[in-house]
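K.L.:
Sequence:
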Amino acid sequence: MDDNRELQRRYLTIFNSKIIGILSTNDHGEILDANDCFLEMIGYSRQDLEQRKLNWKVLTPPELVQESLEFQKKLLAHPGTSISFEKEYFRAGSH
1 MDDNRELQRR YLTIFNSKII GILSTNDHGE ILDANDCFLE MIGYSRQDLE QRKLNWKVLT
61 PPELVQESLE FQKKLLAHPG TSISFEKEYF RAGSH
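Those letters in the sequence shown? Residues 1 to 95, per the numbering used here, in order.
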């Protein structure tokens, strides 16, 4: 149990940092949670997030959605692994 707490503590430290944008989504692309760094990058507020107004599929340029879906499939096929993925999003008001 202590190992799980330590992992959770590490995750929250990274999640709450301004180092990297992190988000959590559902199967429909709705962004369920995101850290402040991610919200700043895309120009949306926590209120937008809480009102479930954000969907990564809508915020992604159409020509890049398939690539993102393939990455998501790869990530889900290898739980517990760390895979880097640089992604492009529209900023608020840019599309």
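Some hints could be false.
Using 25 Å as the maximum straight-line C-alpha spacing, the simulated SDA-like pairs for lysine to any residue come out as follows [said to hold, decoys possible]:
{"no.": "1", "residue 1": "18", "residue 2": "68"}
{"no.": "2", "residue 1": "57", "residue 2": "42"}
{"no.": "3", "residue 1": "73", "residue 2": "47"}
{"no.": "4", "residue 1": "57", "residue 2": "70"}
{"no.": "5", "residue 1": "73", "residue 2": "38"}
{"no.": "6", "residue 1": "73", "residue 2": "42"}
Distance windows between CB atoms, simulated [stated by the list, open to error]:
{"no.": "7", "residue 1": "64", "residue 2": "2", "range": "36 to 42 Å"}
{"no.": "8", "residue 1": "7", "residue 2": "61", "range": "42 to 48 Å"}
{"no.": "9", "residue 1": "63", "residue 2": "41", "range": "38 to 44 Å"}
Hints in this document: simulated from the structure, not taken from any laboratory. Heads up, the beta-carbon is just placed ideally off N, CA and C, and yes, glycines get one too.
K.L.:
Each hint needs a verdict: does it hold in this structure or not?
P.N.:
Tested hints:
1. 18 with 68: 23 Å, holds
2. 57 with 42: Cα-Cα ~13 Å, so holds.
3. 73 with 47: Given that 25 Å is the threshold and the Cα spacing comes to 29 Å, the pair is violated.
4. 57 with 70: Judged against 25 Å, a Cα distance of about 13 Å means the pair holds.
5. 73 with 38: It holds: about 21 Å lies between the C-alpha atoms, which stays within 25 Å.
6. 73 with 42: Status holds; Cα separation ~23 Å.
7. 64 with 2: 36 to 42 Å: The hint (36 to 42 Å, Cβ to Cβ) holds, given that residue 64 and residue 2 are roughly 41 Å apart.
8. 7 with 61: 42 to 48 Å: 34 Å, violated
9. 63 with 41: 38 to 44 Å: Given range 38 to 44 Å: violated, Cβ gap about 20 Å.
Consistency with the previously given hints fails for numbers 3, 8 and 9, ordered from lowest to highest.
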